[in-house]
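Starting from the structure of chain S, add chain B where the hints point.
Residue numbers (my numbering), protein chains in the order written: chain S, 194 to 583; chain B, 579 to 664.
Because the hints were derived from the structure by calculation, they are not lab data. Among the clues, some could well be false.
To be verified - No more than 27 angstroms apart at the CA atoms, straight line, and that leaves these computed lysine-lysine pairs for BS3-like:
(1) B:K658 / S:K221
(2) S:K221 / B:K646
(3) S:K564 / S:K433
(4) S:K221 / S:K206
(5) S:K206 / B:K646
(6) S:K562 / S:K433
These figures come from a predicted structure and were not determined experimentally.
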Amino acid sequence: MVRLDFWLFGYRKITLEGESATADFAAKMLRLGIVCAVGETGEILVRERDYSRISDIISGQNCAFVSESEGLPARFRAALRSPVSLVAAALSLALIIGAPSLVWDVRLVGGESITEETLEGYLEPLGLSVGSLWSRVDTAKTETALLAAHPELAWVNINRRGSVAYVEIRETEDVPPPTVNEGYANVVAAEDCIISEISVASGHALVSVGEVVRRGDVLISGVLPPESGGGFCYASGSVKGVVDGETSVDVSRTVTEKEYGDGSATALSVKIFNFSINIFKIYRNSDSECVIIGNNEKIRLPNGRELPITLMREYEVPVTETERCLSDGELTRLAGERMLETLRFRVGEGELCRASSSGGFTEDGYSMKTKFAVIEEVGVTVPFKVDGKP
Amino acid sequence: MLKNKNEESSAPKGFYLSCERVAGGVALIVGGIMSITDFSDSQVMLAGHTGRIGVAGSRLSMTVFENKSVEIVGRVEEIKFIYGKA
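Next up, chain S with everything else stripped away, as it sits in the complex (with noise of 0.2 angstroms):
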């Protein structure tokens, strides 16, 4: 075997006549101090560079062969001199030098119902497709063309990017045009309430901030006065009041309680791609109340790869319900959880602004109230019709 310096760097192959002369060659070396390699069947390997130090020794000694020189150098140089070697160099010349010339892909940036596909199709008459050559291809014009060419696109802009061209888009979007309020209309008062803030956009506002208002009664009026002009209106706007209110909640004493036994596992199969298989499964008709989970359960490799293997799982879990009485600590804690609850639903996107809460115990368990005061939207549009025209 060649030692592997020896192919890296190139050696030559020496045979001499007679086991002797051998064993000769080899003491001198060892003298001489060059490195050689001397194989069972006799031959001497010497590495290139050593060659020219024993040109001498070798003229001296009876020599069978002395081989060209071998190894990675020689086979390349030889490499380079074959025809097939120059073709190939100037094959990838001309292919580093002619590629980037080229678009090699079009690819799509933004747009949600404008694919690949159909982007590549509105390019192709503009004279943008893969192969084309960049140097016909002018960005520019290409854009203004693709957006006049295609109203469903708002935007174009074609980077380029190495050989590669990047077409981002936007597309148009469909908005609703405005509403248009037709007759006549005022704002009136949703509920009992204090007017904290508002703001007209059309019509003439009757109530200022701090006034008393009844439900019913006219915030913004759709009658214009004379010095405004005089007529009727669409009235708009936003008003908001401190709107007070009361809640209650009611919690008995006693609750039901669900408690889980142990699972039991009913079926299990394996899904390996889209074909499932069945392991087993229990049929059974159960008299209590149960609770059936299914898990399934992904097969990973260890390094986090998932295999297209799933295993489906499913658990019966029984349950049995108990009745509890709640200690008065418990009472008044889950009631106030739920006044919480409640008041958050009542109040929604208002603001609350005071909320004051009493409570006591029932023969049937406790029982809370919360007086409130939210700031919220109190106006409603009203519309209305003068002399039979809305």
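Only chain B this time, still in chain S's reference frame:
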């Protein structure tokens, strides 16, 4: 480095060699070689300062290094240490 004077290498006194198993048999590296007196695929005779070393076996090949050491690879069956320069 040897910690104890009693821990001598496997070679007899005056000879420098190490041996390890490799593919194709063993690799026997012998140091301090002055000359190679005989070489064939079954026998190698090396001459050192203290005396001669004879290696017998089969499929023997040899590599000569710059630092006066010689590596013999093959199926080594017998190693002879001969004191003196006869």
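Hints versus structure:
1. Under the criterion of a C-alpha separation no larger than 27 angstroms, the hint pairing K658 (chain B) with K221 (chain S) is consistent with the structure, at around 23 angstroms.
2. Between K221 (chain S) and K646 (chain B) the CA atoms are separated by roughly 11 angstroms; this keeps the pair inside 27 angstroms, and the hint holds.
3. Distance hint between K564 (chain S) and K433 (chain S) is fulfilled; the C-alpha atoms sit about 19 angstroms from each other, no more than 27 angstroms.
4. For the hint linking K221 (chain S) to K206 (chain S), the alpha-carbon distance of about 17 angstroms falls within 27 angstroms, and the restraint holds.
5. Restraint check for K206 (chain S) and K646 (chain B): satisfied, since their Cα atoms lie roughly 22 angstroms apart, inside the 27 angstroms limit.
6. Between K562 (chain S) and K433 (chain S), the direct Cα distance comes to roughly 25 angstroms. Compliance with the 27 angstroms bound is thereby established for this hinted pair.
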